[in-house]
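A.B. asks: Chains U and C are the protein sequences, given in the same order. If you read the first sequence in my numbering, its first letter stands for residue 1406, the second for the next number, and so on. If you read the second sequence in my numbering, its first letter stands for residue 1406, the second for the next number, and so on.
It should be emphasised that the hints constitute simulated quantities derived from the structure, not laboratory data. Watch out, some of these pointers could steer you wrong.
Intra- or inter-copy, both count: the list cannot distinguish identical chains.
Below, computed lysine to any residue pairings styled on SDA-like, alpha-carbon distance capped at 20 Å [unchecked claim]: (1) Lys-1585 - Leu-1552; (2) Lys-1801 - Val-1819; (3) Lys-1515 - Pro-1775; (4) Lys-1774 - Met-1544; (5) Lys-1645 - Ser-1792; (6) Lys-1433 - Gln-1518; (7) Lys-1686 - Thr-1593; (8) Lys-1645 - Leu-1553; (9) Lys-1585 - Lys-1686; (10) Lys-1585 - Leu-1557; (11) Lys-1686 - Gly-1595; (12) Lys-1715 - Val-1649; (13) Lys-1682 - Ala-1591; (14) Lys-1585 - Val-1687; (15) Lys-1785 - His-1578; (16) Lys-1695 - Glu-1671; (17) Lys-1515 - Gly-1498; (18) Lys-1682 - Gly-1756; (19) Lys-1469 - Arg-1524; (20) Lys-1645 - Leu-1552; (21) Lys-1479 - Ile-1459; (22) Lys-1804 - Asp-1421; (23) Lys-1585 - Pro-1685; (24) Lys-1469 - Arg-1784; (25) Lys-1682 - Gly-1790.
Predicted model only: the values in this text are computed from it and were never measured.
What follows is the residue order along each chain.
Protein chains: 2
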Amino acid sequence: MSSWIEIPANSDFTLDNIPFGIGSTNGKPRAATRIGDKVIDLDALQAAGLFASINLPDGIFSNKVLNDFIELGKPITNAVRTRLQELFAADNGEFRDNEALRVDAIRNAKEVQMHMPVRVGDYTDFYSSREHATNVGTMFRDPNNALLPNWLHIPVGYHGRASSIVISGTPLHRPKGQTKADDADAPTFGPSRLLDFELEMAFVVGKSNALGTSVSVEDAEEHIFGMVIFNDWSARDIQKWEYVPLGPFLAKNFGSSISPWIVTMEALAPFRSASPKQEPKVLPYLEMKKDHNFDISLEAIIETESGALKTVSNSNFRHMYWSMAQQLAHHTVNGCNMNVGDMCASGTISGPTPDSYGSMLELTWRGTKPIAMPDGSERKFIQDGDSVIMKAFCEKDGKRVGFGEVKTKILPAV
Amino acid sequence: MSSWIEIPANSDFTLDNIPFGIGSTNGKPRAATRIGDKVIDLDALQAAGLFASINLPDGIFSNKVLNDFIELGKPITNAVRTRLQELFAADNGEFRDNEALRVDAIRNAKEVQMHMPVRVGDYTDFYSSREHATNVGTMFRDPNNALLPNWLHIPVGYHGRASSIVISGTPLHRPKGQTKADDADAPTFGPSRLLDFELEMAFVVGKSNALGTSVSVEDAEEHIFGMVIFNDWSARDIQKWEYVPLGPFLAKNFGSSISPWIVTMEALAPFRSASPKQEPKVLPYLEMKKDHNFDISLEAIIETESGALKTVSNSNFRHMYWSMAQQLAHHTVNGCNMNVGDMCASGTISGPTPDSYGSMLELTWRGTKPIAMPDGSERKFIQDGDSVIMKAFCEKDGKRVGFGEVKTKILPAV
């Protein structure tokens, strides 16, 4: 399909994508979509009557977040996406030939400030890459018993901090906290010395379930609106000291970064893929009757303060042992209620080869194999002034649907 | 001080209290306070001009939650509380002599449906009772090394689920989940067999801090609006199998129950008490320069379906090793941002004697010492049809300030 809006070669934002986000040019956040290098103001399109055939509340796109729009349900949100594909198609003049509206509604992506697309009520982080869990278990426990006994039975997850999830472009300060050297008697306090990224994807809940009810694996994708790239920043030294017995806390909650555009499950549908074989057999409530994984190419890049760039990881979401459908079925099997806008991250997405590991911890194997940077420096973990960029896209049969990027600069500790 | 509204002997809701909550009689939630057995509609009082001397936005008390009111800050919220004490005083006729307003604004507590007082953005659960941590460590690990190495240095905490925090009176279904017997090869799925309460208190954040900033121990109480009773329901068998290495998840997030009235820090001020001596010395960012604990008597009661009542625990919040001020300072020392309405629970509040333990796990010592109920039955953990009631109050020099209760009935698994 071609569009009257220019779509550069290798753009993530094709007519097959049509993601949703919140952008502003004049300080007023608005729901928007993106095509090529243009951001389209959906509020302006609605005001011009271009969604008249869809049962949309007035002003739904002038909200500061997408929660109320997503809450309308897939019949409505999918109708909006399909209508946008129609309006952007080369042979459709409804929008193309309305010059006043083009001026009003179309902005260059570089001029648009993106904001958090949803108000995240609760955020959960899973731990669903077998390769990642195996690498961590090998480093910190026993290489011969790297996976803990529950790992192959449970999509292990834990609650994270929703308030500190920030949009791409928001710098974060290196966190301070308690750490303790193995040979020290007591902990000390100061800036983390082992600051790391974790290359993850997250899904956004699109349909609530009431407290006391569960969502089955079969129905799970109906409860997922779409996905974003998720950088689960981690302070390894703080985590090591604090995490027993109740899990990571200050090592994670100083900030997590997401890409601004939510790519819908409908846009991702052509890139569905099989999960790795699950052996031993999972319990019935976790059984999958079709493919629930997705083939999403992932890249993590370190950019030094002087602008030197190095791709440090190339991974793929299809390696995940546990699917999003299984994660959501597990999360709700006890009756836990999920709300629209809630976010569930995948856990670090490490592939089978050392260049596909999703964290510096694994890539440098606890700092024993530093990465050489193009400017001659080396990295064991992330330094002040570094930015971490993560990219994600799907490509198949000439179709491309991507997420753009999440980029975060690390500032010195306060 | 006496009031023209009757305050029964031993009422938690004296003129010294004046808590805040959300109640409705006709389906419309309104901010309210309580005195004796009466609930007072604050929206009606504002409409009648009784808060004219305070800079309050119109309609602030008609919101469904207190977040916007709390956000106004302590100078305003304390002025409202002080004004209410003035209006309720026996010698003040402004409200007392306005019959139409009395009819409009005063309701019997039994006729009022209480609702969640705040929208909880994020919820954190601490683990701050030394006795509780020691009991758990003794049962599950080594009695001679019951406390993990970090426990005396860190107010250990983890993120919980905000969406499933419910108000007193909301029944919860027994959760289902994976459990594994020690001698079994594989886990099985079904209703939890070891459902437990945890007797806790929680504080409500009253002042936000921006991402990247910290709150000191000295300033922490300025960031706390008030407290509620918190029942941190726990499925011990689910937790045992799932919690390594990332902490409790489905064992907790099926529901947590709170008492409806937020008792302010100002009402609790007369009951300030010292913390247990902290040895080894804490790191400087956790040092306390004054007393930050509170003397709050706690009681947990089991009510069987047929109405038999048994008090199973009498504890006290003053036993807590880590204070709320230390918890909040620790939580933000890495720059984690807190928002108004966020909730932080204390962790199970166990005292030094076996009758002051705050969970069935400890009270029955893993079920080895069942509790005899008045109807001849016995309890190792909580059964379907049981209700758990928790009460909390402060009493000193003739002053009483209390929280009322949180009561939750457990329904069979769905």
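A.B. asks: Look at each hint and say if it fits the structure.
C.D. replies: Results for each hint:
With identical chains, the CA atoms of Lys-1585 and Leu-1552 are at most 20 Å apart between copies only, with a shortest distance of 17 Å across copies and 25 Å within one. Taking the shortest Cα distances, Lys-1801 and Val-1819 never come within 20 Å of each other, neither inside one copy (45 Å) nor across copies (43 Å). In the homo-oligomer, the alpha carbons of Lys-1515 and Pro-1775 never lie at most 20 Å apart, since the shortest distance is 34 Å inside one protomer and 67 Å across protomers. For the identical chains of this complex, Lys-1774 and Met-1544 are intra-copy neighbours only, at 13 Å inside a copy versus 42 Å across copies, given an alpha-carbon limit of 20 Å.
When the C-alpha separation of Lys-1645 and Ser-1792 is checked against a cutoff of 20 Å, the pair qualifies neither within a copy, at 24 Å, nor between copies, at 39 Å. Taking CA atoms no more than 20 Å apart as the test, Lys-1433 paired with Gln-1518 passes inside one copy only; the shortest distance there is 10 Å, against 39 Å between copies. For the homomeric pair Lys-1686 and Thr-1593, the shortest alpha-carbon distance between copies (12 Å) is at most 20 Å, but the shortest distance inside one copy (45 Å) is not. In this homomeric assembly, Lys-1645 and Leu-1553 come within 20 Å of each other (Cα to Cα) both inside a single copy, at 17 Å, and across copies, at 13 Å.
In this assembly of identical chains, Lys-1585 and Lys-1686 lie within 20 Å of each other by CA distance solely across copies; the values are 15 Å between and 40 Å within a copy. Within a single copy, Lys-1585 and Leu-1557 get their C-alpha atoms only as close as 31 Å, which misses the 20 Å cut-off; across copies the closest is 13 Å, which meets it. In the homo-oligomer, the alpha carbons of Lys-1686 and Gly-1595 lie at most 20 Å apart only across protomers (17 Å), although the nearest pairing inside one protomer, at 46 Å, exceeds that limit. In this assembly of identical chains, Lys-1715 and Val-1649 lie within 20 Å of each other by CA distance neither inside one copy nor across copies; the values are 34 Å within and 35 Å between.
In the homo-oligomer, the alpha carbons of Lys-1682 and Ala-1591 lie at most 20 Å apart only across protomers (18 Å), although the nearest pairing inside one protomer, at 45 Å, exceeds that limit. For the homomeric pair Lys-1585 and Val-1687, the shortest alpha-carbon distance between copies (14 Å) is at most 20 Å, but the shortest distance inside one copy (39 Å) is not. Taking identical chains as interchangeable, the C-alpha atoms of Lys-1785 and His-1578 lie at most 20 Å apart only when both belong to the same chain, with a minimum of 18 Å there against 48 Å between chains. Within a single copy, Lys-1695 and Glu-1671 get their C-alpha atoms as close as 16 Å, which meets the 20 Å cut-off; across copies the closest is 58 Å, which misses it.
Proximity of Lys-1515 to Gly-1498 under the C-alpha cut-off of 20 Å is found in neither arrangement, the shortest distances being 26 Å within a copy and 64 Å between copies. Proximity of Lys-1682 and Gly-1756 under a CA criterion of 20 Å is satisfied intra-copy only: 15 Å inside one chain copy versus 49 Å between copies. Taking the closest pair of Cα atoms, Lys-1469 and Arg-1524 come within 20 Å of each other both inside a single copy (9 Å) and across two copies (18 Å). In the homo-oligomer, the alpha carbons of Lys-1645 and Leu-1552 lie at most 20 Å apart both inside one protomer (18 Å) and across protomers (17 Å), since each shortest distance falls under that limit.
Taking CA atoms no more than 20 Å apart as the test, Lys-1479 paired with Ile-1459 passes inside one copy only; the shortest distance there is 12 Å, against 46 Å between copies. Taking the closest pair of Cα atoms, Lys-1804 and Asp-1421 come within 20 Å of each other only inside a single copy of the chain (7 Å); across copies the shortest separation is 68 Å, beyond that limit. Within a single copy, Lys-1585 and Pro-1685 get their C-alpha atoms only as close as 38 Å, which misses the 20 Å cut-off; across copies the closest is 15 Å, which meets it. Proximity of Lys-1469 and Arg-1784 under a CA criterion of 20 Å is satisfied in neither setting, with 39 Å inside one chain copy and 51 Å between copies.
In this assembly of identical chains, Lys-1682 and Gly-1790 lie within 20 Å of each other by CA distance neither inside one copy nor across copies; the values are 41 Å within and 42 Å between.
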